[in-house]
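For reference, the chains in residue letters:
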Amino acid sequence: MTYDTRLTELFRQILDEPTIELRDDTHFTDLPGWDSLAHVNTMFSLEEEFGVTFTGDEFGRLHTVGLLKETLQRKAALP
Amino acid sequence: MSDATSNASTSTSTRGSAAGEHPRDHAPAEEATLRRDLAQAMSDAASAGEQPGSELCLKVANAAAQVGETATALKWLRRLVDAPPSFRTWQAAVKVLDRLDRDEVSALTQRTSRAAVIGSYNTAQLVPMLRLAGVRAGVHLELFEGAYDQFQQDLLDPQSALYAFEPDYVILAVHEGALTFPTYAHDPDAAVAAELERWRGLWSLAGTRARARVVQHTFAVPPHDEFGHLGARLRGSRQSLIRSLNAQLFEAAGTSCLVVDCDRVAATVGKERWFDPRYWHLSKQAVALAALPVLAVQTAAVVAGDLGLGKKCVAVDLDNTLWGGVVGEDGVEGIRLGAGVEGEAFVAFQEALLALERRGILLAVCSKNNDSDAREVFERHPDMRLQLDRVAMFDASWTTKPESLRRIADSLNIGLDSIVFVDDNPAERELVRQLLPQVDVVALPADPALYVRALLSYPFFEATALGEEDARRTDLYRAREEAAALAETMSVDTFLRSLEMQAEIAPVDDLHLPRVVQLLGKTNQFNLTTRRHNEAAVRAFADDPGAVCLYLKLRDRLTDHGLVGVAAARKDASVLDIDTFLMSCRVIGRTLERTMLAALCGAAAALGCTTLRGTYVPTAKNTVVRTMYGDHGFVLLVDVSETTTWTYDIGQRGPIVNEVIEIVGLTQ
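Sequences listed follow chains A and B, in order.
Counting in the working numbering, the first sequence runs from 1 upward without gaps.
Counting in the working numbering, the second sequence runs from 1 upward without gaps.
Warning: the hint list may mix true and false statements.
[Unchecked claim] Computed cross-link-like contacts, DSS-like style, restricted to lysine-lysine with a CA-CA straight-line distance of at most 27 angstroms:
1. Lys-553(B) with Lys-522(B)
2. Lys-75(A) with Lys-271(B)
3. Lys-553(B) with Lys-571(B)
4. Lys-271(B) with Lys-69(A)
The hints are simulated quantities; they were obtained by calculation from the structure and are not laboratory data.
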C-alpha cells in the first residue's frame, strides 16, 4: 500500500466514512464528522500507524493534510 | 464539544449504512460484490496463520457486517480482541459492532447487562471499547457514559441521568489524579482514611440508590517519584499513600464491590506507556489510548466473572504441553521434563496449572494417547508436579479433541463455554475453534518457556469470591446505613462547597484574548448561541463602553482549570443583552454558569441596566443548555422555532448569586 493510500485508509477508518478523499489542501475541519474527539483519535492512530511521535505543539498546528504529510515525511522519513 | 473532553451520551454512531442495516436491500450485483469481498477477506485471514492480526480480523468482520452476517461478524470481532491490540483497529471495530443489529448481538452473546461508566478522565474512547471487549467476554453491554469528571455529582444527585439509566454495574473509571493526596502527608493514616471514606461513600450510593454493583478501577502508582527509592519507605509519600489506599480499597470491597487492579494492569502495559502526558494535556486521557484495549478487556473480564461467565475448567493436552516429547514413542524415560531449559519450562507450566487448580479452576486432561501410557507418566515420572488426584477428568483416547471436550463437559457437568482448551498443536486448536466455538482456546507459543505467561495472561478466569449469603446480606445492611449517613452529611451542594472553588472574573484583555477566541471557536456543548466571534469581534466588544466581555477562570482544591468561561453582552437601553455565554465542558456540572450570570448582573448594574436578556440558539450539540436560562429564574419571552429568548428582571428578583463558588479578583 502506498503511503497516500495508508493515510486515506486511516482517515476513512477513524471517521467511519468510506468515501473520504484527501487532498493536500483538505482542512481537517472540512472532513465529515470531524470534531475534537476525531482529532485525538486520528493523531494517535497516525502515531501508531507511522511510528512517529507528535509534539504538543504539532497537535495544535497540523490542521491540513498537506501540513500533516510534510510532518510525517520529515518524522518517519517517508517518500 | 470543546477540549475533546466531554461526550455525555449513550449514543453510538448508527450511521445510515444501508449495508449494515438492510443487507437484503442490496442490488443483486452489489450483493455479489460484497459477498466476494467477504470470501476474499476470509481466505486472506485463513492464510494468515492461527491468529490473524487485528487488521485482518477487522476486514472479515466488516465484510460480514456488510452482508448482514451478524454471527460471522461477531466471531471475527471476538478474534480481533484476542489479537495484539491496535488502537486504530479497535476504533474501527467498535464502529462495525455498532452497526450490527443489537437484538442479534444480544441473542448471540451469553448475557446482556447495563453498565454506567463514570470517570475522572475523558472516557469517550474507553466506553465503546468496553462494548467490544464485553462481547468477547460474553456480555452484551448496554452502556451509559457520564460527563467528563462528574462521577461524584452523578452519584450524589439522586435525580442524575446515571440513576435514570438504571445500571446493573457502575464502573468507576478513575485515575490517581482524582485523589486529593499531597506529595507528602504528615498524617498518612488520616489522608488514606479520608480517601477511603470518600470512595466507600460513593460505593454505598451506587449500591443503594441504583442497586448496582460497583466496578472500581484502583489507582496506578506513577512510575517516578521525587523521593526516589526513599519514597517507598516514607509512609507519607504520595506513592505510599496510593499503595495503602489501593490495599484498603481491595479489603473494603469485600464481596459487594468489584475491583480492577489497575496498578497491575499498568505494569503489564509498562507504566511509562500507561500514561502519556501529551494526550493528558491534549484531551485529558489519563490512560494512554494504546492501553485502553487492555483496560477494556480486563474490566469486561471482571464484569463477566461477576455474571458467572468466568471459565471454570482448563482442558489440557499432554505431549509437548505438559512435557516435551511424545510418551507413546519416547517412553516415560524419554520425555523431557525436569532437567534442562525445556524440562524446567514444562515443570513451571505444571506448577502454574496447579496454582489455578488450587484457586478452584478444574483441571481436565484432553489427550490423544493410550490411556495407560498417559497415566504412567503421572504415576512414575519423578518430576511430574501435576498428580492424578488433581485432575478432575482424565480423557486420554484416540477420538477427536472436540469429542473429548464434550465428554469432559458432560462428566464435570459444566457447559462447553466454561472450558478453556490448552494445546501445543495449532491444528488441534483450529479444529476446536471450528467445531466447538463455545470453547475458548489459549494459543500456546512455540517456546514452552512462554507457556506460563500465555496461560496466566488469559483474562477470562475471573471470579468473584462469593462469600456466604449471610455475609453479603451484612454487607448490604452496612452499605445502606452508610448511604443514609452519607446522605445526611453529603449532598451535591456540600460536595461542591468541599471543592473550595474560586472563580476569577475580569474583562478580556490582550493576555487572555487568544484563549477566549479559542474557546469561542471550539466550544459546542455549553454554548448558548455558538457565535464564532474572531479576535477582532472580541476586541470590539472589549473596547465598546456600552458592552462587556468577561473571561472566567476557575480553580479548586485539586486543580487549576484555567480560563474556562466567556460571557459577552451589550447594553440595549435598560437591558443587558447576552450575546455569548459559553463554558468549557471540563467544568460542566459545577454551577459555574450561575457565577457567570452573577457577574453579568454586576456588569448590568455598572452599565445602568436593570434586566438581563439571554438567547438560546439550538445546535446539534448544545441541548445541555436548552433550559439554562429558565433554570436560573429567567422568564421565557419568545420561542421562534426553538430559538428561545429569556429575560431576568434584576430590579425585581435581585441579583443572581452563587454561594458555592468564591469570586476573587472581580474587576469591573
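Here is how each hint holds up against the structure:
1. Between Lys-553(B) and Lys-522(B) the CA atoms are separated by roughly 17 angstroms; this keeps the pair inside 27 angstroms, and the hint holds.
2. Under the criterion of a C-alpha separation no larger than 27 angstroms, the hint pairing Lys-75(A) with Lys-271(B) is consistent with the structure, at around 25 angstroms.
3. Of the pairs offered as hints, the one joining Lys-553(B) and Lys-571(B) holds, with about 24 angstroms between alpha carbons and a cut-off of 27 angstroms not exceeded.
4. For the suggested pair Lys-271(B) and Lys-69(A), the alpha carbons sit about 31 angstroms apart, so the restraint of at most 27 angstroms is broken.
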